[in-house]
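Peer 1: Chain by chain, the residues run as shown.
Number of protein chains: 2
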Amino acid sequence: MERHKSNHSNHKVVIIGAGMAGIKCAIDLAKNGVEDTIILEASDRIGGRLETLKTPDGLVCDLGASWFHDSLTNPIFNKVLDDKRIKYFVDDKENLFYSENEAKIDQWRFREVLEEIMAYGEVHGIGSEKDYSVAGLCSMYDANRGRFTADDRKQLAFGAMRQLAELWNGTHWDNISAKYCFEGLGHTGRNMLLTSGYESVLREEIGELPPNYEAGKIKLNSRVSAINYEDTDKVKVESENGHVYVCDYVVVTVPHTILKLSDPKDPCYLQWEPPLPPTFAAGLSKTEYGSLGKVVFEFDACFWHENIGRFYALATKEPSNMDLPQPWEYPIIFLNYQLISNKPALVALTQEPLSTYLESLVTSKEVEIWRLFEPLISKISHVSPTPRPKRIYNSSWRSKKHIRGTYAYPARGKGDPEAIITLLEKSFDTRIRFAGAESVRGSANGCVHGAWMSGSREAQFILSYLK
Amino acid sequence: MERHKSNHSNHKVVIIGAGMAGIKCAIDLAKNGVEDTIILEASDRIGGRLETLKTPDGLVCDLGASWFHDSLTNPIFNKVLDDKRIKYFVDDKENLFYSENEAKIDQWRFREVLEEIMAYGEVHGIGSEKDYSVAGLCSMYDANRGRFTADDRKQLAFGAMRQLAELWNGTHWDNISAKYCFEGLGHTGRNMLLTSGYESVLREEIGELPPNYEAGKIKLNSRVSAINYEDTDKVKVESENGHVYVCDYVVVTVPHTILKLSDPKDPCYLQWEPPLPPTFAAGLSKTEYGSLGKVVFEFDACFWHENIGRFYALATKEPSNMDLPQPWEYPIIFLNYQLISNKPALVALTQEPLSTYLESLVTSKEVEIWRLFEPLISKISHVSPTPRPKRIYNSSWRSKKHIRGTYAYPARGKGDPEAIITLLEKSFDTRIRFAGAESVRGSANGCVHGAWMSGSREAQFILSYLK
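Respectively, the protein sequence lines represent chains X and D.
Following UniProt numbering, the numbering of the first sequence begins with 1 at its first residue and continues without gaps.
Following UniProt numbering, the numbering of the second sequence begins with 1 at its first residue and continues without gaps.
The hints are simulated quantities; they were obtained by calculation from the structure and are not laboratory data.
For every residue, glycine included, the Cβ atom is placed at its ideal position computed from N, Cα and C.
There may be inaccurate statements among the hints.
To be verified - Simulated crosslink set (SDA-like; lysine to any residue; CA at most 20 angstroms straight-line): (1) Lys12/D with Leu463/D; (2) Lys104/D with Ile380/X; (3) Lys93/X with Phe148/D.
As the list claims (entries may be wrong) - Residues of chain X placed beyond 10 angstroms of chain D at every Cβ, according to the derived structure: (4) Glu122; (5) Pro210; (6) Lys234; (7) Lys343.
What the hints assert, rightly or not - Cβ pair distances, simulated, as ranges: (8) Phe148/D with Phe428/X: 40 to 46 angstroms; (9) Ala226/X with Arg441/D: 50 to 56 angstroms; (10) Lys31/X with Tyr98/D: 49 to 55 angstroms; (11) Ala281/D with Asn32/X: 28 to 34 angstroms.
Please take these sequences and the hints and turn them into a complete structure.
Peer 2: Put into structure tokens, the structure is as follows:
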């Protein structure tokens with residue numbers, strides 16, 4: 001009996017996941033009088049898809065989410081813009097496009113064609129039955145409207161389109177739905193790159209929690225293995241270590257990569273009792289996460305153009321072997337931290353399958369990374385030979401077993417990516433709430449402020465029921 | 001009795017206006033068996049707001065509508081793109097921005113700020129009660145979000161915004177509604193500039209009319225002075241010279257500048273019997289036309305960069321005296337006909353009040369035009385002194401008494417410009433139809449293909465009733 005008791009605890013609200021959505025939900029509940037909450041976090045750290053790297057040389061950069069997007073309407077940005085502890089860089093400086101063959105590609109050569117391909121996708125995509133990939137869209141455009149553009153400019157436009165699509169979504173353009181990927185493209189206002197790291201924002205948020213909440217009520221290493229909502233009154237949330245959290249409401253913020261797992265043998269499988277409604281499970285099964293990787297190259301000194309904000313390396317070929325990438329097979333964006341925060345570093349944005357390949361490297365990891373990136377970096381180098389990096393860091397979002405990717409993208413053939421949002425917003429049981437970056441509509445989807453807004457939304461929902 | 005008879009004629013459909021809308025309407029009616037139509041044109045020529053200039057040196061350029069806009073969805077363009085008699089230039093080449101102070105302004109310096117101002121307008125404009133001008137929007141943006149941008153870049157962005165707004169709408173940015181002007185901004189696909197002139201397109205269309213229709217059934221110098229629809233059966237359309245055209249349907253394609261005239265003493269006043277319904281008249285009274293002027297400078301030889309498609313001269317000051325313009329007070333776009341059609345000419349796009357001022361010049365017209373434009377052209381000249389033009393031509397859209405402007409723009413404080421479209425589409429009497437470039441929604445509004453589509457739409461409407 002004693003043992004049974006110790007394995008149970010009662011809570012008004014159990015929040016699953018200590019990322020921005022879960023933390024914001026706890027904040028808003030507490031601010032409105034509901035302090036009887038607990039956050040269960042599967043991993044050994046808070047922050048979810050936020051991860052700030054701080055190097056011995058003082059470079060601060062995010063391996064996960066990096067920007068305040070939608071700066072005009074971003075509620076977090078608008079809250080912290082006068083906060084001296086939060087530092088950001090207005091990411092609107094000059095960009096340089098280049099490729100294996102050209103050291104500088106003027107943007108006018110592809111810009112209007114690129115926009116026309118997107119418009120072509122909208123005209124022929126939305127509302128039509130057929131779905132096709134962004135790569136397929138370019139082929140279709142070429143066949144039907146290619147006659148109006150010289151070959152060299154067209155190839156640049158396709159290259160720029162591949163880069164835009166892949167580094168927006170974190171995956172190869174063959175996987176991305178041309179039908180849905182242009183709808184939410186673009187943000188409301190410029191991007192602000194955190195130079196104090198998203199960790200600084202997370203700390204500010206945590207500061208809004210009740211005293212000692214973090215130490216006492218955020219339970220790390222507490223993976224939820226089952227949610228039982230058979231009882232018409234209480235919901236029982238069971239963690240892997242056998243503790244049962246009995247509650248009135250549960251807010252589920254785990255990534256869809258985890259939520260969609262259907263194999264009970266998967267170590268992160270979440271069991272629902274009764275099982276998730278079939279439409280809900282079917283909706284989740286259509287969600288796909290890309291993996292936008294970051295590779296940080298720290299050098300002794302800057303040897304590239306220090307006033308360029310971003311270097312856009314266009315690919316000159318398609319991958320010949322997905323398992324063994326070669327230089328110039330993937331479009332890459334380099335963020336110039338010399339301009340951003342006066343540190344001689346370049347941060348590469350990568351996509352799948354390249355990002356997963358880089359994560360998988362064990363032996364000679366830095367040598368292999370340098371083999372792939374040295375040709376791209378040497379092309380923007382002012383010195384020869386190209387200096388070797390002092391240190392290389394890279395992200396591992398696909399490998400983190402409780403995350404398994406970075407954010408959802410509109411996958412080809414999987415239908416409208418907003419369909420799942422409708423299911424999540426509505427839920428199938430008043431007591432079971434869903435939050436997280438992928439549970440909001442529009443340009444906040446997949447963003448930190450989207451997660452934040454969703455946590456706030458579910459707190460409001462619960463509060464309205466408690467009244 | 002004989003005299004009375006000769007003053008009357010009967011027609012199935014009377015079309016008012018021999019512009020693209022009216023001609024297309026007659027074509028579609030004839031193709032579907034309704035040949036008993038007549039077109040009454042107030043002026044002494046067909047084409048309406050189409051006017052192609054052909055100079056002794058062989059330069060062909062339009063003083064009115066110049067582009068196939070929306071090339072991906074433009075039904076006229078898609079019809080003629082293989083027609084060897086129609087020639088066009090894909091207008092997507094390199095553009096050069098410059099000002100009195102800078103010979104070359106890199107676009108990255110203002111592009112993202114410009115886009116952010118537009119996004120700011122959308123966030124704070126649409127759906128809000130208050131309306132303000134585009135100039136006012138920039139002030140508001142500066143006050144609220146100006147802190148994130150260095151002054152020089154902000155001034156460039158405001159200058160680029162002024163240029164975009166004024167040369168899109170043909171009027172000063174103080175007049176333009178920030179609330180409505182960004183909604184329809186942009187086109188679906190690149191712009192195709194007619195190098196054979198819009199006259200060539202008009203000739204192709206006229207070729208689709210029944211034989212001898214143009215000579216026999218397009219009545220020039222036949223201004224309609226009254227439309228009488230008291231009778232429940234026939235509508236009587238009376239021309240200035242006293243002829244009465246009795247018909248089943250009348251298709252009104254006259255510009256809204258004329259349709260809205262409320263002063264019976266105006267020589268172009270159109271009298272309705274019974275009067276236009278008050279909501280209709282009120283809707284029309286809110287429509288404003290700008291006047292996008294063209295000034296053609298023909299030189300002996302090209303002395304500017306021949307590979308630049310357009311030169312964007314940003315203004316460095318606001319007009320000090322609207323009645324006496326000074327150089328650099330108005331943003332101007334120059335189209336480079338050396339690149340476009342291998343002719344040493346520059347065509348300036350101008351806006352009100354400058355365009356109206358230029359139209360008003362009588363004595364020393366060319367001298368005064370050159371006083372205003374020489375400083376802008378000398379800034380892109382590779383030789384000194386700047387060669388004088390051989391010939392100067394300019395448009396006169398505001399002065400043409402049956403037109404009085406170029407196309408409608410969203411005027412500040414006048415409400416949603418689409419409201420009038422709803423009234424026109426619906427009409428107030430089945431027998432009275434409205435067509436013309438301003439009677440269609442979306443990006444075709446104000447365009448030649450919009451006029452064409454509206455003529456086709458009203459033909460279909462009438463045909464569906466005649467069945």
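Peer 1: Does each hint hold? Answer for all of them.
Peer 2: Status of each hint after checking the structure:
1. Lys12/D with Leu463/D: Since the Cα atoms of Lys12/D and Leu463/D sit roughly 11 angstroms apart, the hinted pair holds (cutoff 20 angstroms).
2. Lys104/D with Ile380/X: It is violated: about 24 angstroms lies between the C-alpha atoms, which goes past 20 angstroms.
3. Lys93/X with Phe148/D: holds, 12 angstroms
4. Glu122: violated, 8 angstroms
5. Pro210: holds, 34 angstroms
6. Lys234: Consistent with the label, Lys234/X stays out of reach of chain D, its closest Cβ about 42 angstroms off (over 10 angstroms).
7. Lys343: holds, 22 angstroms
8. Phe148/D with Phe428/X: 40 to 46 angstroms: holds, 43 angstroms
9. Ala226/X with Arg441/D: 50 to 56 angstroms: holds, 54 angstroms
10. Lys31/X with Tyr98/D: 49 to 55 angstroms: Check passed, 54 angstroms falls within 49 to 55 angstroms.
11. Ala281/D with Asn32/X: 28 to 34 angstroms: violated, 54 angstroms
The structure shown violates the earlier hints numbered 2, 4, 11.
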